[in-house]
Amino acid sequence: MTPFRFGPSQRQLFGIHHPASPGHARRTAALLCNPFGQEAVRTHRMFRVLADRLARAGVHVLRFDYHGTGDSSGDDTDGHLEAWRNDVLLAHQELHRRSMGAAITWVGARLGATIAALAARQSPDLPDHLILWEPLADGPAYLGAMAEHHRHALVQSFGVVPSVHQHTPSREAMGFELSDLLLEEFRHLTPASLAGIQARRATLIAPPHDHGTAVFADALRAQGTPVTTVNFHHGFDWASEEALNTALVPHEAVTLLAEHIVPAAQP
Amino acid sequence: MNEIPVTFGAERHLIGTLALPEGNPPARTAFVLLNAGVVHRIGPHRINVKLARHLAGLGFASLRFDLSGQGDSRVPVSTLDFAQQAVADIRAAMDHLARTADVHRFVIAGICSGADNGWNTAQADPRVVGLCMLDGYAYPTPKTRWMRYRLRARGPILSAVLPWLRRKWAALRTPKEDMVQAEGGRTPPSREAYARTMQSLVDRGVEVCVVYTGSMLSVYNYAEQYREAFAGHGFATRVRSEYQPNIDHTVTPLSAQQRLLGLVGDWARTFA
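As you go down the protein sequences, you meet chains A and B in turn.
All residue numbers in the first sequence are consecutive under our numbering, ending with 1110.
All residue numbers in the second sequence are consecutive under our numbering, ending with 444.
Source of the hints: derived by calculation from the structure; they are not laboratory data.
Accuracy of the hints is not assured; some may be wrong.
Here are the computed distance ranges between Cβ atoms for each label pair [unchecked claim]:
1) B/Gly241 x A/Thr1071: 29 to 39 angstroms
2) A/His995 x B/Gly377: 35 to 45 angstroms
3) A/Arg854 x B/Arg200: 47 to 57 angstroms
4) B/Arg368 x A/Asp918: 41 to 51 angstroms
Predicted model, so just to flag it, every value in this text is computed and none were measured.
Glycine included, every Cβ here is placed at the ideal spot set by N, Cα and C.
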């Protein structure tokens, strides 16, 4: 596992490359795209475990933080969807170089899935396979859900929430600041805005009847993308502060993702 | 400011980010920023990143990193238990800072379990000259219990009663020997042992800042509590104690983050 920084000097991104195990090396690589904010914190360990497992199975893996998130340069307010879409393309180039031209699968969870799909619309030939886990198709609804999670997190953390925190500012989501630009992009993230997304092939993972996933499936199929849908229901809360009563690394989720990234590769 | 990903430790199993101030050499004291619970080195709501950058602006180098088996760090081949391994890891972080930034005095800052790990390391390594513990071990006084009910009574009645009911229900269902685990695996030293240790640290010249948040309401809930809990001990007036009811345990609201950065930054000037 090699931590490093990449990208332009004024907006360096943090990445971790998990090289493919030499004994099992395949011509396959996986680029993992984080969700946003607290959801990214929550999935960090899960992606780390997934990356380790894939690397043992001979897959090069790159995990990275978008600009203004995690260990990457930039403040919270420097991050926005268009920039993060370009970060995916930049990370793809980096992984392409490090994996010596392996076919790359993009794997995104939640907002990371949406960002990966937007990046695929920009450059549909780059990913060999697009795996989207509960992609978000409704920005305003997501903002509302984050506001609700924020209120819930404060109640959980304080017990009695101080009066100064009774009102949640609109630019604040569970400890992360949202720029005006990002807020605007969320407001414009609607099913209609996803028209034109395409890829060589796509796998969508979500609980049955997930509306956002259906929107992505329709948009992808409209462009001729072969789409496989996988029903997967889990019990963990994407935005919880800690794992609480759910697994920090849901084994079944890691196994499912690994199977779809490299079929029949279970080290 | 420069941020450099680093791999270090006897087995190169630890991963972190070294933050160095721009331009001039860093101050002679550097900060080590620790994991809080299961959150990786960026800290809850990225607070360690924000703190590292704030400290860099004040001229301090820092290293935020994942302890063995947490975040991105691997589990080493070792026979140490978790607490001992954490101390070994933090000492390795100080070794790395000494080698790469030529800094040989250290402040350790941590939240919750991070505070406990800093506490243990300060006792084991004389290079530690400062300790900042957010929601570290807390020792209630009789006034704490009275304040607890008074403060809860001010809030909505459900908020006041639910946490108490939840704890009572959990306690009924949990065997007594498991209670320490149920509390997150923290085993606080006795009040006497804490006082002895803190006195020895302060006598050694270690600067200490303890911050208690509004999430600690049941065990810490008024500004003078620390001094009253340890009245008669010399260290009680030398330790900087802060009760911050508008900050929560994971520093969620942005205003709480700003308050904490200001508070730690202000205290950090002691080491400039």
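Structure-based check of all given hints:
1. B/Gly241 x A/Thr1071: 29 to 39 angstroms: holds (35 angstroms)
2. A/His995 x B/Gly377: 35 to 45 angstroms: holds (44 angstroms)
3. A/Arg854 x B/Arg200: 47 to 57 angstroms: About 31 angstroms separates the Cβ atoms of A/Arg854 and B/Arg200, which means 47 to 57 angstroms is violated.
4. B/Arg368 x A/Asp918: 41 to 51 angstroms: Since the Cβ atoms of B/Arg368 and A/Asp918 sit about 43 angstroms apart, the hinted range of 41 to 51 angstroms holds.
Hint check: a violation occurs at hint 3 only; the rest are consistent with the structure.
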